[in-house]
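*Asks:* These are the residues of each chain, in order.
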Amino acid sequence: MLQLTWSWQPALYLFLGGMGAGAFIMAAVLFLIDRTKHRLVVCVSMWAAFASLAVGLLLLLSELISPVRGMMMWQSFSNFSSWMTLGAWGAFGALAVFALSALLAMRPVGNWLAKRWKWFGATPKQAGDAAKSAKAAVPNGVKLRRVLAVVGIGLGAFVAVYTGMLLMTAGGVPLWDSPLLPCLFTVSAFDTGVALVEVIAVLLSKKDPLAHRAAALMEKIVIGLVVAEVAVLALFLGTLMSGDPATAAGAAGAASAELLTTGGLATVFWAMVVAAGLALPLVMAVLSLVLNKRETRPLMALGAIGALIGGCELRFLILAAGVHADVLGSTVMGLIM
Amino acid sequence: MTEHTALTRRGFLAGCAAVTGSLVVVGAASAGSASAEEGVSSVANVQYGFLSDLSRCVGCENCVAACREANHLSEETANRRRVQVFMNSRSNNVYVSTSCMHCDDPNCLRVCPAGAISKGAAGIVSVNPDRCIGCKYCVQACPYEVPTYNNVSMDKCDCCLGAGVAPGDTPYCVQACIFDALKYGPVDELRAEAEARGLAPVPVGEACGPNCLLVGERG
Ligand code: SF4
Ligand code: SF4
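Residue numbers (the numbering used here), protein chains in the order written: chain A, 1 to 337; chain P, 338 to 556.
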């Protein structure tokens, strides 16, 4: 038995939303580290983050029975005890900040704004500036982009966490009813976000080659995230499988976990989530670091694609395996057996 | 325009009729609201619920049919009441008729982003189809998998409020049960009555504080 109420649109949305949030965070970190490098990678990644989140939200809208009513956000997302409401507004805010950041990351836009809007291009003089090098003086436009990057990182992190909170706080599905699920989805969101930026960097490597330091940073982040994700995933499934089978919720949680690890969904789970999504990126990242300074673009691309496949499949599987507990059945059996 | 006026006048007259005994003529608006409050005050704070008797239910599904008819459920709308069959240790069939549990602390209401679900007089949990966006979050939240969806909105039992039954009055499913397997009333009373008959009623599960009690065994 599988969960069929929410089909592929919400699953894809949870993936795209998480990936978009993660990609923006990675791009913003690259920008904050050194605004003069990787301009193109940062700009394209921010647009990709915006597009992922936007497509995800459109998919979600298309799944509603009344999409038009859904667009009247002030009414349709007005109950703030619901994580769907919090998430809708968070994603909406993130979308706006991602778009603005991506727009300002485009060189022509920056130049145009600097011409039309004095404040944007001006470089304020501060006390002690004379002592600093010319490079240290930062135009207002860059300061604005830094603020947007930091706000975007905050909103992105919120969106990443929310994709898991949405499922956890539903409350009727034992598989989802665990604080480890938002942890898992958050780590996976960062993981897939970094992977998207890696794919973009490889594609743009002719025009905007990734500095060795940046590539190494991303590979190290990948290793950290994969290790964290394996730990959270193992703990998540382990806790479910050791649930009390005497209770309806415990039995349903265990059944869901078994469905994923040994049941009907096991092949996809082990091949796509574990092998492609976790093992492959880990091996590729380690190899890249070991091969230090040699041509590692194919390795990076391979690992990143594996991570994206695994992250996407993870959302589909967690949704599909999210069956309800048979509360009525266990109550009745308690009465008649 | 005329139709609107006529409706308002009819509503006003109905309101006046409800406060029989009162000779004081007050403004139309206050008369209406006073009568509305009076009509529900006796059941406003009392939690009503269902009692489903396993030893009496024969699985005829009269309740399911009566519900469909009285509430004019459209063809693509699923049954609001379900009769499920189980097998006891003597291999006899046991039937259980349930619908929404009108929970004390409904998960569906908490998660609905649109605020389309409310808990009103007699503890009845109902959905406003004009507010529902059809996100289907409520069924993921309901431990009893109660909400269903048609092409308009979420749909579930509202104790026949939509079919014109006043809060606290007996819904059509219970009226239709000729085997006395379904009861409706204040849950505390339902529990006390069952206990007086020597039965041990149990609620369907624990989550959200469901207001549907099960008693008895068949065979
Ligand atoms: S049984 Fe489900 S739909 Fe009915 S009130 Fe409880 S949580 Fe809501
Ligand atoms: S489907 Fe309708 S009633 Fe259910 S949570 Fe969504 S908006 Fe609320």
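Don't take every hint at face value.
[What the hints assert, rightly or not] Covered stretches of chain A (chain P as the covering partner; in silico rule of three or more C-beta atoms under 8 Å from a C-beta of chain P):
# : segment
1 : 78–85
2 : 170–179
[Said to hold, decoys possible] Far from chain A by the CB rule (all over 12 Å, computed), these chain P residues:
# : residue
3 : G457
4 : F516
5 : A529
Please keep in mind that the hints were generated in silico from the structure rather than gathered at the bench. Don't be surprised by glycine CBs; every beta carbon is placed ideally from N, CA and C.
*Asks:* Are the hints correct? Go through all of them and say.
*Replies:* Here's how the hints hold up against the structure:
1. Residues of the segment 78–85 of chain A with a Cβ under 8 Å from some Cβ of chain P number 7, which satisfies the need for three, so the listed coverage holds.
2. With a threshold of 8 Å between beta carbons, the proposed coverage of the segment 170–179 of chain A by chain P holds, since 5 of its residues qualify and at least three are required.
3. Remark: the non-interface label on G457/P is consistent with the geometry, its nearest Cβ contact in chain A lying 16 Å away (cut-off 12 Å).
4. No beta-carbon of chain A comes within 12 Å of the beta-carbon of F516/P; the shortest separation is about 17 Å.
5. Every CB of chain A lies more than 12 Å from the CB of A529/P, the least distance being 19 Å, so the non-interface label holds.
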